[in-house]
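**Q** Sequence:
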Amino acid sequence: MTSTPENTMLSKLRIKFVALICGVTALILAVSFSFIAWANHNQQVKSVYAELTIAVDSTIAKASRDSFGAFNMFAPTAPHIGGHIRDSWTYPIALYYVDWRSQNGELVQESTATIADETLESALTIALTSEKDRGLIEAGNLFYLRDQRADGSYVVAFADKSVAGDSSRLVGFLVPVGLMIMALVFVLAWFFSRWALRPVRQAWDQQQQFIADASHEMKTPLTVILANAAIALKKPQATVAEQSQWIEGIQDEAQNMEQLVLDMLALAQPESAPGNGSALEPVDLTQLAQRASLQFEAVAFERGLLVDDNVEENVIVQGDATQLQRMLGTLVDNAIKYAAPDTTIDITLETAGQNSILSVHNWGEPIDPEDLPHVFDRFYRSDKSRDRSGEDGSHSFGLGLAIAQKIASQHGGTLTVTSSQAEGTTFTATLPL
470 MTSTPENTML
480 SKLRIKFVAL
490 ICGVTALILA
500 VSFSFIAWAN
510 HNQQVKSVYA
520 ELTIAVDSTI
530 AKASRDSFGA
540 FNMFAPTAPH
550 IGGHIRDSWT
560 YPIALYYVDW
570 RSQNGELVQE
580 STATIADETL
590 ESALTIALTS
600 EKDRGLIEAG
610 NLFYLRDQRA
620 DGSYVVAFAD
630 KSVAGDSSRL
640 VGFLVPVGLM
650 IMALVFVLAW
660 FFSRWALRPV
670 RQAWDQQQQF
680 IADASHEMKT
690 PLTVILANAA
700 IALKKPQATV
710 AEQSQWIEGI
720 QDEAQNMEQL
730 VLDMLALAQP
740 ESAPGNGSAL
750 EPVDLTQLAQ
760 RASLQFEAVA
770 FERGLLVDDN
780 VEENVIVQGD
790 ATQLQRMLGT
800 LVDNAIKYAA
810 PDTTIDITLE
820 TAGQNSILSV
830 HNWGEPIDPE
840 DLPHVFDRFY
850 RSDKSRDRSG
860 EDGSHSFGLG
870 LAIAQKIASQ
880 HGGTLTVTSS
890 QAEGTTFTAT
900 LPL
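Under this note's numbering, the residue at position 111 of the sequence shown is numbered 580, and the numbers go up by one with no gaps.
Keep in mind that the hints were calculated from the coordinates and are not lab data.
A virtual CB, placed ideally from N, CA and C, is assigned to each residue, including glycine.
What you were told as hints is all true, and nothing was included just to trick you.
Result set (BS3-like, lysine-lysine): computed pairs, CA atoms no more than 30 Å apart in a straight line:
#	residue 1	residue 2
1	Lys688	Lys703
2	Lys688	Lys704
3	Lys515	Lys601
4	Lys688	Lys806
For each label pair, taking beta carbons as the anchor points, the in silico distance ranges come out as:
#	residue 1	residue 2	range
5	Ala495	Arg638	19 to 25 Å
6	Ile716	Phe661	55 to 61 Å
7	Glu711	Asn779	50 to 56 Å
8	Ala710	Glu819	51 to 57 Å
Whole structure, please, built from the sequences with the hints as guidance.
**A** Next up, the structure:
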């Protein structure tokens with residue numbers, strides 16, 4: 470498959486879209502999983518302190534003497550803590566009673582675990598001298614909780630750091646889950662990116678088609694202008710009267726190009742800017758419809774047609790009178806061009822609720838059902854009914870109905886068409902009152 474600038478641009482845009490979605494998802498997952506790990510660790514630490522509190526409180530409640538040598542429950546086989554403990558030991562706690570009322574103090578242990586002698590002295594010193602009554606001793610990998618008895622002595626409880634849980638286990642679970650989620654997001658993003666970029670592709674195609682059509686339309690008058698100018702230059706001694714045929718041809722084609730440029734500028738206006746930025750004002754749509762009827766009456770008569778208007782009085786809309794007059798003129802002119810001989814062009818204006826309904830109807834060859842969805846497309850012409858040259862020598866670039874629809878849209882309304890052999894062709898503009 471040949472790579473085109475369009476495919477390259479859309480491919481890069483698609484990759485950026487997928488990368489953005491995956492990047493945002495990865496950031497959300499990282500933040501979420503980090504919070505989960507932090508919250509889980511916090512909860513486990515709270516649980517450890519809760520167990521230490523229960524152990525200290527129950528020990529103090531049992532003590533009925535100044536020393537608790539009588540309550541020594543220490544077993545010689547109790548595990549050491551302050552390092553790595555086996556999984557089968559859950560919450561082993563080392564309890565120490567410290568009596569500093571005597572010169573040397575007294576240390577009695579009542580616990581389900583023991584601390585190595587080289588660690589115990591420093592651990593107790595830190596626990597008893599710390600400003601906080603609970604905390605973590607990093608050097609000994611110990612959580613501690615300190616409580617002072619009524620007689621001034623202390624009970625200190627220690628638990629191994631590892632009882633708070635190893636975060637690597639949780640991380641080991643979250644990482645595969647995160648990778649699976651990222652894989653799923655990538656697949657979905659890649660799939661939906663095609664759907665999301667479909668309007669971009671359509672806009673690109675329409676832009677390319679517009680440029681191609683505009684170039685084609687401008688090429689013809691330019692060719693005629695250059696040819697007529699070349700012929701005139703071959704006779705430099707001829708008078709203007711003798712060269713009038715070529716000069717008139719240049720003028721006609723220049724006017725056609727001017728009209729094409731003006732039409733394209735009208736289509737290039739923002740949707741929210743009716744009337745080239747002019748201020749909106751109340752417009753009597755009744756007068757505009759009657760004026761259009763009179764304006765095209767002579768043209769219709771030359772073609773053996775009648776123009777009949779049936780308009781409701783005092784139909785007022787908010788908008789730009791010049792633009793609305795152009796929309797009306799386009800619809801009536803289009804109806805006259807394609808009406809069957811000896812028929813009537815009907816212009817109808819009425820109100821319905823908060824809207825005005827303007828219809829222009831003619832009898833003639835109906836628009837082909839295949840062409841009907843495209844009558845408002847720029848530069849669109851069917852082979853049968855939208856030829857470039859009119860019977861009067863005028864030129865149609867296929868922009869009139871596109872401009873008319875845009876004017877209706879700029880005024881907050883719609884322009885639609887229906888066409889059939891039995892009902893004729895009707896263009897209907899619905900505008901808010």
